[in-house]
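Between the sequences and the hints, there should be enough to build the whole structure, so can you do that?
Residue numbers (my numbering), protein chains in the order written: chain A, 1 to 553; chain B, 1 to 553.
In short, the hints are calculated from the structure, not lab data. In this text the structure is predicted, and so the values were computed from the model without any measurement. Please note that the accuracy of each hint is not assured.
Okay, the calculated bits of chain B under chain A, using three or more residues with CB under 8 Å as the criterion [what the hints assert, rightly or not]:
no., stretch
1, 218–225
2, 279–286
3, 359–373
Among the chain A residues that face chain B by a calculated CB cut under 10 Å, a handful are [said to hold, decoys possible]:
no., residue
4, R221
5, L292
6, G348
C-beta atoms are modelled at their ideal positions from N, C-alpha and C, and glycine is treated no differently.
Chain by chain, the residues run as shown.
Number of protein chains: 2
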Amino acid sequence: MRIPLKAAATAALLAAASPALADQLIENVEGLRIDENGEIDRFNALWIDDDGRIRQVLDREDKRPRQVDYQLDGQGRTLIPGLIDAHVHVMGLGVAQLTLDLSDTNSLEEALAKISRFAAENPSRPWILGRGWNQERWGLGRFPTAEELDRAVSDRPVYLARADNHAGWANTLALEAAGVTATSEVPAGGRMERIVGSRQPSGVFVDAAEDLITRAIPAPRPAERDLAFAEAQKLLHSMGITAVADMGTTIEDWQTFRRAGDRGSLTLRIMSYAAGADAMELIAGARPTPWLYEDRLRLNGVKLYLDGALGSRGAWLKQPYTDDPGNTGLPLLQPAELRNIIVRAATGQFQPAIHAIGTAANAEALSAIHEIAESYPGDRRWRIEHAQIVDPADLPLFGEHDIIASVQPIHQTSDRLMAEARLGPDRIRGAYAWKSILDAGGKLAFGSDAPVESPNPFPGMAAAVTRTDASGEPFGGWLPEQRLTREQALAGFTADAAFAGFAEGRFGRLVPGERADFVLVDRDPLLVEAAELRETKVLETWMAGVRVYSAEE
Amino acid sequence: MRIPLKAAATAALLAAASPALADQLIENVEGLRIDENGEIDRFNALWIDDDGRIRQVLDREDKRPRQVDYQLDGQGRTLIPGLIDAHVHVMGLGVAQLTLDLSDTNSLEEALAKISRFAAENPSRPWILGRGWNQERWGLGRFPTAEELDRAVSDRPVYLARADNHAGWANTLALEAAGVTATSEVPAGGRMERIVGSRQPSGVFVDAAEDLITRAIPAPRPAERDLAFAEAQKLLHSMGITAVADMGTTIEDWQTFRRAGDRGSLTLRIMSYAAGADAMELIAGARPTPWLYEDRLRLNGVKLYLDGALGSRGAWLKQPYTDDPGNTGLPLLQPAELRNIIVRAATGQFQPAIHAIGTAANAEALSAIHEIAESYPGDRRWRIEHAQIVDPADLPLFGEHDIIASVQPIHQTSDRLMAEARLGPDRIRGAYAWKSILDAGGKLAFGSDAPVESPNPFPGMAAAVTRTDASGEPFGGWLPEQRLTREQALAGFTADAAFAGFAEGRFGRLVPGERADFVLVDRDPLLVEAAELRETKVLETWMAGVRVYSAEE
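As structure tokens, this is what we get:
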């Protein structure tokens, strides 16, 4: 159901932002959009109605409206559709903005110094929380330990999430606060690292075992959640992002989004995927919610974790890890559980979004969808999140059921060397194989997995186009046969990401009737060199005809 | 914050109801309202604007608007403000509409026959649930047993709530499904009845002990909740009720209300009091929600249970029960807990609504408010729910802090004989002592405690005015010095109930600017005989200028 909300949230927004809603013309831009046929179309001006929707897209020679209330001279700058991140953890990103970030540390010692400094600067926090460490980047060759972390902070519990969010590192006080000992029962689907030659916990907890510590961390207060969410919106808008798919929305997250919506401060569009089937039902009831707050919020479906991550060897593979021959990783759901949840979702017209990283996980997700799809016909848009390592034998199923692979191009540049070590030279052919998925008839949507990676979409587009990292490595691109066109990369972060969330016609392409969400950038992403594409700067971000970010402010 | 929602929910409502929103005139009625000075005012016509608000209240001689889009001839019928129930359990009422009702049974045998019939008529329900039994009414002189219930249903678990909702009756299969045995640990604040001369559970569970069984009952599915809520709205509108205070809103209840709001099917106004401080925070965050859906929903505060009920001797008394000399009942919160929750609520501008039945509970609630009120100045509207048995020595505190006694006049007629047995002749002077509370400077708001009692407000008004029951007993009224005027009774179910929920200016009085919520009734409640007042029939119920109930349909 689509309620023609006339004033409400937008009116409140406008009290803060300018200009007031009325017909307006964004004139003299180098506009790029995805037209009604899914083709790139260039235009010169946007006519926006007083609901913040596109009324008309004008070429240079088109007649202008006789009178509009507001007119903006774009001064020939490049205008593109508002960017959409198809896989982000909104509240995680917001909380990360308020916590310690170790993602730029290059050694254990550097990390310990940063942790110690942060603790000193935040004396009132009962726990020190952070994220972003990566023992591979540090060249450590092993996980860090609680004892090492005690050297940085010994007066309070500390818990730090690994860069991939699939492991965490605790100090001794955190172990004590959580009551974790050598005899603690480790949840299925998880692993507690132990001191070599002993049963004692070493301080790192993988996948489901993270719960041993995280359950002891005091829950954030609502005011902190509201602040975190505001930070997330601000950061995303500064990167040109106007909409996201939130992957794993809890009831607390949802209430935070609604508080923002109810109070008129929801500026981001959120396509929400609940953290499990119970959360889905609690949030939405028997059916997805309507689009709320003028197409700013909808509970679309449910996020499921079928396996862990490649970095922590939690990804579930058909064959053992090349660099850990006894280990194939773990399924986090049994076959019957997975199918039950998919059926429960499909019965209510909810979209399942299945996290699958390893070859076995992808095969299992594809096979479950294949079994169930026939009984649930219609436009389902089954989603596999990450679809990271796919056995080429399994690719055809993507096409058979129009399955959407919701992938994160930037992961490919971050993970390349690690993935080669984990998978060896043969399996790597099915890794991050986006072109192959398209060729098999599957669909793509692009995202960042923020806060696992930066939500900046331009390095992601560049990675999809070049298969090289920010240093241009490897020369010629990694598995260059998987390179996509610039048009595909732009669509992946706009129209295709909207389609993946049933949002076409509402936003994502800048066609008449859609919300006027757009970004002014400092270069033309379809024309500049690849290295320059990566460095694209956002000048202004507009939502429904209202400016929500300006680089000059 | 008050958002001038122009269309949204109302627009959707109107798709179903007539007439479409536009200026309209309700002409030729015998109108009664509470005017700007809190006085009863009689009028002849209502002019309603296209937002569904009162534009002008017209007397017979006042000039009519030159043009309105719709005009209704009231044919001289009596029009009163939409009635407000200041204490109801909305979802409990809705679920009760879908479950077995034993409140009309006069003996154990009659009840068993009705239970057996209901089970046969509902073969697919995994549990048989119901409510409304009362061993006092049955003249049983003791609680019924599981064994007796087995005679009615032995193929499925059965659990039936007592009329006061403070005890429940299980059959043997329910005990088994819940794993309850002689050695089960009984939660503090509760009592498990046992077979005389044995430790075996007899089948009845009082107050907190009810959890031993209820935790085993499968949670209703969202579609069932939506249905139950629709039933509750329908029933309430049929009794002239346009707004309620929901006492003990869980997150599931709240999501049900929001689903209705989001889909345009929320026709009732709900002032919500969360089921405890955690639910309050989860639902609303750090502050009460804004008024949502055009003044149809707001989370106002938190409902706390300080004691149980009088019937099950769970009410907390200063001195022992007259008919159970070893027992003073139980406090359900310790002094520090109570004060902590009140402070937590007050810090966020939430309203605490404290359930207090017995003399000790009321003294404790009053004293906690007294201690805290000074640190939290401003317009707080502290609420005590029921305020049923107050030690006269404690009355002055009602006036000192403008405390609102949210009382249920109909309870007085249902409870009279039981209360006399429980309390004896002296303490009874402070029972249901509404006039004394007013005289002490306190404020009143009236409700029904539905589904504990019928939500029909007219018997409640009659009880407040006459202090007699439907048979006119006792002659001259019970504690007749506590009788209120008809004007006070009408205000208790309208303006005063709105004030108790911070809703004045939005609804409750029919003053210009307020929502046009009104009821057409078949007699004038200020003029008819008391016995006739009790029998008042609702002809039509209107919400924001839209008819939501007609007796003729």
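So, going through the hints one by one against the coordinates:
no.: 1; hint: 218–225; in the structure: holds (count 4)
no.: 2; hint: 279–286; in the structure: holds (count 6)
no.: 3; hint: 359–373; in the structure: violated (count 0)
no.: 4; hint: R221; in the structure: 7 Å, holds
no.: 5; hint: L292; in the structure: 6 Å, holds
no.: 6; hint: G348; in the structure: 9 Å, holds
Hint 3 alone, counting from the list given before, is not met by this structure.
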